[in-house]
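Respectively, the protein sequence lines represent chains P and E.
Under the working numbering, think of the first position of the first sequence as 9, with each following residue one higher.
Under the working numbering, think of the first position of the second sequence as 41, with each following residue one higher.
Derived by calculation from the structure, the hints in this document are not laboratory data.
Positions of the beta carbon are idealized from the N, C-alpha and C atoms, including for glycine.
Misleading hints may appear alongside valid ones.
[Stated by the list, open to error] Coverage of chain E stretches by chain P, computed from C-beta distances (three or more under 8 Å per stretch; other residues unrestricted): (1) 210-216; (2) 250-262; (3) 278-286.
If you want the building blocks of each chain, they are given just below.
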Amino acid sequence: MSTNNPLFDLSGRNAIVTGAGRGLGAEMAKGLAAAGADVVVAARTPGGIARTAAAINAAGGTAHAIACDATERSEVEHLIAETVERFGSLDIMVVNHGLGPAKDLLEVTDEDLDAVIGVNLNSAYVCAQLAGKQMIEQGKGGAIVITSSSASKIACWGYSYYGASKGGVDQLVRQLAQEWAPHSIRVNAINPGYTDNEMAGTSDVHDTPEVAEFIDRFIPFGRRGRAEEMAGPVVFMVSDAASYMTGQCLFIDGGYSAV
Amino acid sequence: MSTELFDLTGKVAVVTGSGRGLGRAMARGLAGAGAKVVVAGRTASDLDESTADIIADGNQALAITFDATSRADCCRLLDETIAAFGNLDIAVINHGIGRAKAAVEVTDDELAEMIDINLKSAFVCGQEAARRMADQGTGGAIIFTSSTGSLVAFDKLSTYGAAKGGVDQMCRHFAQELAPHNIRVNVVGPGYMEHHMRGAGERHDTPEMTEHIRLTTPMERRGRPEEMVGPVIFLASDAASFVTGHIMPVDGGYVAI
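If we strip away everything but chain P, and leave its shape as in the complex, we get (with noise of 0.2 Å):
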């Protein structure tokens, strides 16, 4: 038996993460670039999205940085340009990035709301939307995943806007999958739970004895998901070993939305 199943062979195929500067983003790009993809990194600040690309090419594998705004359409637009440019065309897009503050929601401001909502779910359906566009036009399908969230399914304190973000996120998910579906585009979610590597803005709620005791007490295996163990499942959707599942949220949370 050779490492290499066909199944999950991504060689040929070019892929863009967004959010891959670091954290779960930065996991899944080496994910995909190990399984034979080419991979462009973006990410708003150039730091992280570096530090990944020079990863994954001293692995081996083929990644660019390209530094993007996800929020503002035109950057998304250059994004696949460029990408397109560069790799030939866009076959796998995984929309990643994210905010993820908490606050109770009588607190939460019209700031707030907008910023959640703007980045989770406005320009996740931007970047969809745009790489849709891309795949359709080439003609020979292609796959999307968007990251979402355990709340998108279940309630987390302070989580109200975070949650509305993401549950939005489930639904636009089976929406493309039915509209895109006779291009042969699939379009799938994965849902992490609570993870060591926090996004944007969450750490002082994260790191505290109470949610140690929570993971403890709620989360079947009684631990956070590492980073890394993103990538797996993130392979998996974009590859020919799930070419009959389209519109689905794979949750990836050590079984915390099961109890």
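Use these hints to put chain E onto chain P, whose structure you have.
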């Protein structure tokens, strides 16, 4: 390039209901990913064909006949697996029947048969596999084949849907109780597939059904048995190390719309 996250070399798997259809494809796929596979079911001649395919691929398989509704047979299957291959790492509990009848006409016997085969025997197989995995202390992965019929209603599938809804919830309970043993428990939920299970053929092989599937499934087609392979390998492998208690439809988008 490496897909080693999905490599099952050194693992031992049992697949029930693997004499034909989805189970046969799953068994062959797991063996292709490196696992030593026991193909298990009631009909020896079917199992032999499944085993022959795997061996022809250059991989390892063993056929064991068993009746999934007998706890003693489940135990014998699992013990013979461990005797032959040394341990038990992956149990794919895939056997089942499909029967369609208007809910108001279902008899006690029909209800009992459906629940016995599709729910109770899945529980027993899962439980006995879990006992052995827990004793080994090296973790494991249990995968139940459920159905989109666990999530949404289909005409005349009330007993089937009830059994499969039970399987989904059993999966969550197993996942919770077995997590301390590092045993992950998940479900694959096939939608309309090209291969039909025992008892479901005549209902599905009609032009009307093909048209219905085209209209109601975003991907506008049935799934192929081989399309269950990737999901099962994923859930059985280290690639899914933080995935447990998850219900994974493999349905061309059917339940999304």
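- Task: Take the segment 278-286 of chain E, compare each residue's beta carbon with every beta carbon of chain P, and decide whether three or more fall closer than 8 Å.
- Result: holds (count 9)
- chain P covers the segment 250-262 of chain E, three or more CB atoms within 8 Å, holds or violated: holds (count 3)
- Query: How does the coverage statement for the segment 210-216 of chain E fare against chain P, requiring three or more residues with Cβ below 8 Å from a Cβ of that chain?
  - Reply: Satisfied; 4 residues make the cut.
Comparing the model with each earlier hint shows no violations; every hint is respected.
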